[in-house]
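Protein sequences, first through last, are from chains A and B. Counted from 1, the first sequence has number 153 at position 153 by my numbering; the numbering is strictly sequential. Counted from 1, the second sequence has number 109 at position 109 by my numbering; the numbering is strictly sequential.
No wet-lab data here; the hints were simulated from the structure. Where is the CB? At the ideal position from N, CA and C, for every residue including glycine. Possibly wrong hints are sitting among the right ones.
[Unchecked claim] With the C-beta cut set under 7 Å, the calculated list includes, among others, these residues of chain B facing chain A: (1) Leu-7; (2) Glu-28; (3) Arg-37; (4) Gly-38; (5) Met-39.
Below are the chains, spelled out letter by letter.
There are 2 protein chains.
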Amino acid sequence: MDQVDFLNGKTRVFGIVGDPIEQVRSPEMVTWEMHQRGMNAVLVPLHVRAADFDEVMPSLLRLHNLDGLIFTIPFKAKALAYAQALGPQATQVGAINALARHPQGHWVGEIFDGLGCVEGLRRRGVSLRGKRVLLLGLGGAGAAIAAAVAGEQPSCLHMFDLQAERCERMAEVVARISPATHIVTAPPDVQGMDVLLNATPVGMLGDARLPLAVTRLPPEMLVFDAIVKPEETPLLALAEACGCTVVRGREMMRGQIAKVVDYFIRPS
Amino acid sequence: MDQVDFLNGKTRVFGIVGDPIEQVRSPEMVTWEMHQRGMNAVLVPLHVRAADFDEVMPSLLRLHNLDGLIFTIPFKAKALAYAQALGPQATQVGAINALARHPQGHWVGEIFDGLGCVEGLRRRGVSLRGKRVLLLGLGGAGAAIAAAVAGEQPSCLHMFDLQAERCERMAEVVARISPATHIVTAPPDVQGMDVLLNATPVGMLGDARLPLAVTRLPPEMLVFDAIVKPEETPLLALAEACGCTVVRGREMMRGQIAKVVDYFIRPS
């Protein structure tokens with residue numbers, strides 16, 4: 001037959017909105033996940049120029065067969081304004097990376113970066129409950145990871161970012177979510193920590209640096225790096241050399257995609 | 001790999017805009033044709049409510065990785081306003097069914113219904129040059145077919161539509177395009193005709209009627225029906241019973257898709 005089997009007039013359309021757009025991985029990965037769930041749906045890249053965002057968004061949301069959007073750089077904070085209701089993570093973090101059309105017709109928003117990290121760890125059999133966690137970087141993804149980790153009730157959450165106001169702000173958020181967690185905001189120290197999470201960009205795309213000043217890591221430590229490219233960052237290379245358990249950015253991405261598709265299917 | 005192979009961040013996006021949208025066949029057929037040409041591209045259904053068209057269109061055209069749109073009911077006439085330049089068919093017919101992003105950045109429009117019909121016939125080895133052609137129906141598709149048939153310089157073009165002003169208007173258009181063609185606008189008569197083209201909706205979706213009052217057709221006649229569903233219309237059934245050569249709506253659609261993808265690749 002002179003036709004493809006993954007598109008037709010009944011296909012529900014989803015999009016990832018970003019500027020630039022060519023580097024995104026959601027089209028191939030989210031579409032795969034939706035097909036695994038039996039959905040007649042595709043997620044396409046939508047390159048919206050930053051200056052056009054507020055003009056284009058209302059029209060996209062008016063497309064009658066468009067059921068959800070994912071947002072990437074630089075739109076995670078601005079997209080919040082288009083959600084008529086927010087999930088608990090988005091409320092805490094003040095940003096969204098997914099909008100879904102609620103069965104009642106309005107748009108609901110949530111952020112899944114942090115939930116994806118927790119889901120990626122859960123899939124490796126790792127629970128953060130009662131653990132001592134060191135989190136580096138509290139930008140967009142890091143803030144979401146802090147909120148999601150807090151939801152798992154670690155015994156201690158040590159957060160560090162070069163911008164002190166980010167540490168203060170997230171300390172308040174974490175205290176609200178998990179009052180029993182001991183919160184530390186100070187320069188990083190791996191001593192006594194069970195889990196190290198890197199949410200800084202240090203180590204990305206050929207950057208040979210480590211996100212903290214260490215020459216070795218305790219072998220019983222679990223080390224996660226949110227960076228997707230390269231798959232093997234300098235931090236993960238050191239962790240492996242030291243015998244640590246390693247969890248990669250791709251596993252967070254897979255966890256996040258599963259959670260986003262759950263949300264697209266049952267927006268709440 | 002946990003990903004599909006037909007979508008990524010570099011995929012160029014095309015859409016078909018209509019209301020309703022579920023019945024369209026372009027997503028699977030145009031995407032197939034684009035993949036055959038080696039393009040990293042998909043054509044997705046875009047359900048724009050008729051009342052939203054003029055609000056949504058400027059935003060769609062601002063999507064930086066969207067390179068073309070196809071228009072179906074009820075937008076072929078309204079879409080004309082969004083083309084900064086028109087192809088020759090669109091200029092004559094006053095409607096477009098495709099908009100393409102020109103390399104210089106502006107949008108150009110053309111209508112391919114008629115060109116698709118001529119291409120469908122050409123692929124069956126049929127030339128209309130010097131032929132006597134009877135065309136029934138001068139609505140959107142019919143008018144486009146009249147203009148495209150005129151471009152082939154038939155010796156005679158007999159057109160009929162229940163709305164007399166459509167006949168008058170298309171008689172003028174055909175005279176401009178092919179001054180040597182003998183034009184007839186009168187109730188249809190198959191006598192002496194080489195080719196019968198049905199562009200009326202009579203015979204669609206279980207309608208048991210014929211688009212003209214005949215009980216048989218000359219066996220040397222070529223009979224084409226623009227209707228796609230059902231594939232076998234009452235007219236085509238009669239034509240086959242009478243030994244005529246039969247060309248189906250699907251062949252026009254294939255011809256049209258080839259022409260539209262040519263246009264998307266090299267907008268002019």
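**OP:** Give me the numbers of the hints this structure contradicts, sorted from smallest to largest.
**Re:** 3, 4, 5
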